[in-house]
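Spelled out from the first residue to the last, the chains are:
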Amino acid sequence: MMKKLSLAMAVLLAGSLTACTGNAGKDVSKEAQSKESTTAKSEDTTSGPVTLTFNWWGGDSRHEATKKAVDAFMAKYPDIKVEVNFGAWTDWETARALEFQSGTAADLSQINMDWISNYDANGDTFLDLNTVSDVIDLTQYDSALLDRSKDSKGGLAGVPIAETGRIFYWDKTTFDEAGIDTPKSLAELRAAGATFKEKLGDDYYPLAMGQYDRAIFMTFYLQAKYKEAIFSDEGKFNFTQDQIKDGIEFIQSLEADHVIPSIKTVDGDGAASFDVNEKFISGKYAGILEWDSSASKFKKALGDARELVVGEEFKDLADGSDTGVFTKISMLYAISAKSQHPKEAAMLLNFLVNDPEGIEIIGTERGIPASKVALEQLTKADKINPMTGDAHKKVLEAAEFSMSPKFDDSSLKGSSGLYTEVFGGVSYGDYSAEDGAKMLFDGFSNVSN
Amino acid sequence: MSLKTKRNIQLVIRYTVLIAVGLFMIYPLLWMIGATFKPNNEIFSGLNILPKKATFEGYLNAMKNYGGDINIWKAMLNTYSYVIPAVIFTIVSSTLTAYGFGRFKFFGRSVLFAILMSTLFLPQVVLNVPQYIMYNIFGWVGSKLYLPLIVPSMFATETYFVFMLIQFLRNIPKELEEAAKIDGCNEIQTLIKVIVPMLKPALVSCALFKFMWASNDFLGPLLYVNNPAKYPATIFVKLAMDSDAGFAWNRILSTSLISILPSVIIFFIAQNQFVEGISAGGVKG
Amino acid sequence: MKNKTFKKVLKNNIGFLFILPWLIGFCVFKLYPFASSLYFSFTDFHLFKGISKYTVENYVDVFTNKNELKALIVTFKYAFITVPLKLVAALFIAYILNFKIKGVNFFRTAYYIPSILGGSVAISVLWKALFKDGGLIQTAFAMVGLHAPSFFSDPNWALFSISLLRMWQFGSAMVIFLAALKGVPAELYEAASIDGAGKWKQFFSVTVPLITPVIFYNLITQLVQAFQEFNGPYIITQGGPRGSTTLMSLLIYNNAFKNYQMGKASAQAWVLFVILLVLTAVAFYSQKHWVYYADEEK
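As they're listed, the protein sequences go chains A, B and C.
Here the first sequence stands for residues 162 to 610, numbered as in the numbering used here.
Here the second sequence stands for residues 6 to 290, numbered as in the numbering used here.
Here the third sequence stands for residues 12 to 309, numbered as in the numbering used here.
Hints are not guaranteed to be accurate.
[Said to hold, decoys possible] DSS-like mimics (lysine-lysine), calculated; alpha carbons at most 27 Å apart, straight line:
1) K9(B) / K210(C)
2) K186(B) / K18(C)
3) K541(A) / K554(A)
4) K149(B) / K242(A)
5) K110(B) / K22(C)
6) K386(A) / K554(A)
7) K228(A) / K79(B)
8) K149(B) / K499(A)
I should point out that these hints are in silico values taken from the structure, not numbers from a laboratory.
All values derive from a computational prediction rather than experimental measurement.
Taking the hints into account, I'd like the entire structure generated from these sequences.
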């Protein structure tokens, strides 16, 4: 309707112009017509060779590798053209979510685990990949891992790219300046807090944590102490309000011991994440608890001047030697259920994760691959970044639980989620641990099955 | 104290105030320009505007692709690929509407005019959510042709401009139109031959404001453009800031400065039209 | 016969054809969204889950939920700090510029340019560079031996920093005032100065009353804009710390496009709209008492 009206308007105008001033008006009508024809053209891309769309987020090195892999794919299958769309993480999820909603999503997408429950509630956003299992070699995957990638209707919503968990990274240069070793236990970390304050100054901290990092570390603590996963495999929330309070107090004790800076301090840095935080880059924040797959990103942020090393998961969070560590599927490739070319999209997917050429190009840009053939090939070729490999190994060894996507529910995670509100509020002193525990307990219970 | 000294003192006070406030207005901008030529470790080390050691590092880095298949030049091209059509459509549709209301009597005119005026202060914030839902139904969200940012401008949706043009029309004598009518021109011919030339200064003002507003618009593209290769400059600058805020401030500020350069140039060329335009809306209202 | 009547009707209503695009645009892009927003506001419309019930909870929440109430209060604070200060600054500077000042064009340009650029993302970025920890303002304070606050981590100062960005853009209001002041007939001043009124007295007893319509106009436009501010808090402070710069428009954005709660967001938008409506109505009603129209046309 809009189009007709605008055209009518243009015609009215153009007609009037020609009536009074001769030919001068023709440009306007031409413009309107050419606009029409471009609209028509863009809607008509299905004829001829197949064109796929593929999108992902990440940093520059991931972009380079993935683009190269896509080029290799197109060279291998000249009839398939792939249009790529990639960018940084900021605002990425919102943009994609709105596409899933409007049904304009790309054929192939890199997605997060929690997107399956958030955007595929009725199972018709992502294609059930079992329908294209003749193209994608699913035998390369651990069946337990595939089970975790199912949507509510039991369809396989995505292929897991990698499994990941959080581990400490230490800026060894700063610890050297303080004259101590990087901490291998919570006790050493607490001691480092005092040493840093004394030897380096008030603005040096052995560890820095944002609100979401705090939620994760609190969960490690609770899972180690109470020997239970925060969410069961069925998605049931397992802790009591008192236990949550215990966890919040644990985090607050770190702040009190000068182990981590307050949220207020981190807010003041004005950086969206630690890899772009001046204090992390200059060594004032000498540690982070981050994904094993992020090693290279943080190493790059520090540059050559400072040495970043992979730490150990702590075994003294509670009595006994539990670490409380949980892992999750870090990313998946999913095909849109509305894709016109599911088979071709599946070919691209398989190329990226299971084809020797694709494996070689992508390397560990998305973490240590979950695909067995990929892992084998990369290990053989010595292509696994030693730091990423080391971090991943330590995480898997220490892991005791798998992380439910419930933990990343949009009501909890994100800048307007509950983690931000509670851990920020407690750190600022707006809430007591008691208040915070109640809010978190209610929030967890709300998403619990 | 003689009258003359009193006058001189007053003069000194006035200039002091003007210069002090002027400094507050201009210094940040000048500092920004200077900072784009500074090495990163110098930017926050002092208040000087001129760099101690000038470098083009910031600009060189600003040219690089960031966050996808996009750099500042492509982003600016994207911006103007919807800003310019939107400006043209706004001018045409607003002129038609203003002409209709300003010069004709027709059934329901007074009611419609009241509606028009009531939308002058209708806050956009109440429309964002439902418009989004509507564009989503139209399939316009993420449109590579920027439809949600262009199409509404075909329908005189910027009430402020219609209002401004009606105000201008009131001051144009009707005699000329009557003469044109006697010469045999119809309404449309009259509009083009008589009204438009007379309205020209107002039209230029409208075009300039629409240009500035549309190029500064951030929320619109944030909602309706979701392909990084299609990002306009506003979104690109925001992303560049998020990614480099830790250290590369010369890159961020260079990117920002480049992004507003066209607006600055246009402002200096057409200052008087801006001033006249904004005064007309307020004073004659 | 019929054809003739039609032609006549058309002839008498040809103006209608000219406003037709506007009328269509109004219905499609304003009236329909406006009405549907009201409808959504009484539902639990979730972008991905649809509507499951009708409710007034959204409205109740605005005034009872701690975060929503806070956003409302912060918005009021923001508007009532920035608008009066901006208007006073604009009027004051316009008043000075209205004397025969050398280089008036230069000053006018200097004051006006922030208004033209201030809404851009680039200037928000600049603001971040100025106010961040270790940014230019803190450097300046340190140079004179003072300790500047941490603007982005202290809830009070964060709102101040984005308020300052708005006040920095007083130029557009100033230009309007300046044009109005130029329209005040010189004879009136002469008359007043013969009566022995000083400059300040002249200003308040002659100038201000004459330009009240313009003050009124500026007041309304500035209020409407301030209540809708989005870019500053979104880009500079992300609404933080602790929600201290989460203005209503940002809250609405977050609810609608981060949490996909379209119903909730619509209700918040409507509350904001009604507030603006009331404020405008109060201003309009009260103008009888303080706004002076020379020709008393209105």
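Contradicted hints - numbers only: The structure breaks none of the hints.
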